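Chemist: For what it's worth, full-length UniProt numbering labels the leading residue of the sequence shown as 1, then goes sequentially.
Among the hints, erroneous ones may be present.
[To be verified] When the alpha-carbon atoms are kept at most 20 Å apart in a straight line, the in silico EDC-like pairs for lysine to aspartate or glutamate are as follows:
(1) LYS185 x ASP310
(2) LYS295 x GLU278
(3) LYS334 x GLU407
(4) LYS355 x GLU365
(5) LYS199 x GLU223
(6) LYS295 x ASP276
(7) LYS334 x GLU370
(8) LYS334 x GLU356
(9) LYS199 x ASP226
(10) LYS295 x GLU253
(11) LYS199 x GLU237
(12) LYS185 x GLU268
(13) LYS341 x GLU365
(14) LYS334 x GLU268
(15) LYS199 x ASP157
To be clear, the hints were calculated from the coordinates, so they are not data collected in a lab. Just so you know, these numbers come straight off a predicted model, no measurement behind them.
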Amino acid sequence: MKQNDHFSEERIKQSLEQLPRVKDKRPKEEIYQNIVQRSRTSKQKPGKKWVMPAFSAVAALVLLLVLIPNMMTLNNQSGSSTDNSSSSEENAEMNIQEGSEADSDAPPASDSGSDSSPDNGAGREERAAESNEQPQQQTEIEEEPAVNTGETNLSYDQYTNALTENQLDDSETAATIAVPDPEAKLVVPVTFTASTGSKATLMDEKSENWNPVQVGLAAPSFEGADWINGGNNSLLEADFSEAATPYSSAQSEMIVKSLDEMLRYTEENQVLLTDDGEAGVDLGAYGIVQNYRQKENNRGYYIYTSETNDQFLVSQQAAGMTNSRENGELFTLKETLEQMKSVPDNSPVGPSIPKEASIESAGGENTTAEVVFSEESSFGENTNLRWMIESILFTAADFGYEQVMFEGLSPENAGGYNIGQPVDIPQAPNLVE
1 MKQNDHFSEE RIKQSLEQLP RVKDKRPKEE IYQNIVQRSR TSKQKPGKKW
51 VMPAFSAVAA LVLLLVLIPN MMTLNNQSGS STDNSSSSEE NAEMNIQEGS
101 EADSDAPPAS DSGSDSSPDN GAGREERAAE SNEQPQQQTE IEEEPAVNTG
151 ETNLSYDQYT NALTENQLDD SETAATIAVP DPEAKLVVPV TFTASTGSKA
201 TLMDEKSENW NPVQVGLAAP SFEGADWING GNNSLLEADF SEAATPYSSA
251 QSEMIVKSLD EMLRYTEENQ VLLTDDGEAG VDLGAYGIVQ NYRQKENNRG
301 YYIYTSETND QFLVSQQAAG MTNSRENGEL FTLKETLEQM KSVPDNSPVG
351 PSIPKEASIE SAGGENTTAE VVFSEESSFG ENTNLRWMIE SILFTAADFG
401 YEQVMFEGLS PENAGGYNIG QPVDIPQAPN LVE
């Protein structure tokens, strides 16, 4: 054993001598400094940090205290919901089993039907999904308003036509009174005709005896006032001796709007207000008013639908809508017609021109205005656009025109008007017979 050990040592020694020599070119001082530095580094052990682990442990405990009660509550709820879901699943399985039994009892289908059984199952699922969607679609349809503001299906089937010149005989008299809606948000001009009597007499008679409730409107704002014909040399007179005065600000505003709408369709542009024969009536915020002159503004016209579904033409001013820009500049005729395609949210009126009716131009230098619709205009399924035509006619009248020439409309949509030639402005809107 010793010889072998010696032999082994000799071989190891020889092997080591055969290895290539390794030389360290560094100086002794550098080697010594490296050894000293490593020995010092190995002795300096980093201190244990207990602050962060302790803080984390405390935070974890607090979090557990907060979450454990909630987790217990959720477990209880999940348990109950699991029970409910399990019962519902059992019911569903029973229904499936019953359905499968019913299918097994049913007569066998044809060969072609048996080949496409997966497709039939998918079809049943699609039909079931469609049946679930149908009640929601029906509910959405029922919630839509009767009048669609600004779309091609815009229509007014119970529109009250205007009074044209051809409808009025030489012996007949026409008069217009103004009545508010039940919510007192706007004023509706209503026109009547009579074979005898003066305009003031007809206004007085209808103000006292006609019942506006039958068409979904309210009593006149100045109920009790007497209308007196002033003759050739004096003004139309409204005597408020039997009316309740003074008026509140809201009542005064409705009276002023009513006077504007009534004077708009008479031969006079002002009225004398008296109280027991004395000139001057207290109109609240307007003060004591003697002679009231009509406000001549460029106005558009819209459609009001009453509670009885009767539909009337009302002016932009009577509906409380603006007819000018923010700087006070009035809209042009074309701009006003564009405004009549839509109304603000919660407005008491509806648009009088379909949104898809594209107006290329509107206006004119003489007494005849030209309103041109483009070929791309769409009027939906409406066969009678009399409400649109009359709203444009009265709008043009407020801009000083006496006739309107329409282009781009078909005769079947004209509502009885001959649009092949200039159309005269009607006498007054909303003829009630």
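Chemist: Could you run down the list of hints and mark each one as holding or not?
Modeler: To see whether the hints hold, each was checked on the structure:
Simply put, LYS185 and ASP310 have alpha-carbon atoms about 17 Å apart, close enough for the 20 Å limit, and the pair holds. In summary, the hint linking LYS295 to GLU278 is not supported, as the alpha carbons are separated by about 24 Å, beyond the 20 Å threshold. Note on LYS334 and GLU407: the hinted pairing holds, with a Cα-Cα distance of about 14 Å set against a maximum of 20 Å. A hinted pair counts as satisfied when its Cα atoms are at most 20 Å apart, and LYS355 with GLU365 does not qualify at roughly 27 Å.
A C-alpha spacing of about 18 Å is found between LYS199 and GLU223, which places the hinted pair at or below 20 Å, so the restraint holds. For the hint pairing LYS295 with ASP276, the CA-to-CA distance comes to about 26 Å; that exceeds 20 Å, so the pair is violated. Proximity of LYS334 to GLU370 is assessed by CA-CA distance (about 10 Å); at most 20 Å being required, the pair is judged to hold. The hinted pair formed by LYS334 and GLU356 meets the criterion: a straight-line CA distance of about 15 Å does not exceed 20 Å.
Annotation: proposed proximity of LYS199 to ASP226 holds, straight-line Cα distance about 13 Å (limit 20 Å). Distance restraint check for LYS295 and GLU253: the Cα-Cα separation of roughly 13 Å lies within the 20 Å cut-off, and the hinted pair is therefore satisfied. Restraint check for LYS199 and GLU237: satisfied, since their Cα atoms lie roughly 12 Å apart, inside the 20 Å limit. Restraint check for LYS185 and GLU268: not satisfied, since their Cα atoms lie roughly 26 Å apart, outside the 20 Å limit.
This hinted pair does not check out: LYS341 and GLU365 have alpha carbons roughly 24 Å apart, beyond 20 Å. Distance hint between LYS334 and GLU268 is unfulfilled; the C-alpha atoms sit about 28 Å from each other, more than 20 Å. Restraint check for LYS199 and ASP157: not satisfied, since their Cα atoms lie roughly 30 Å apart, outside the 20 Å limit.
Hint compliance for this structure: hints 2, 4, 6, 12, 13, 14 and 15 are not met, and every other hint is.
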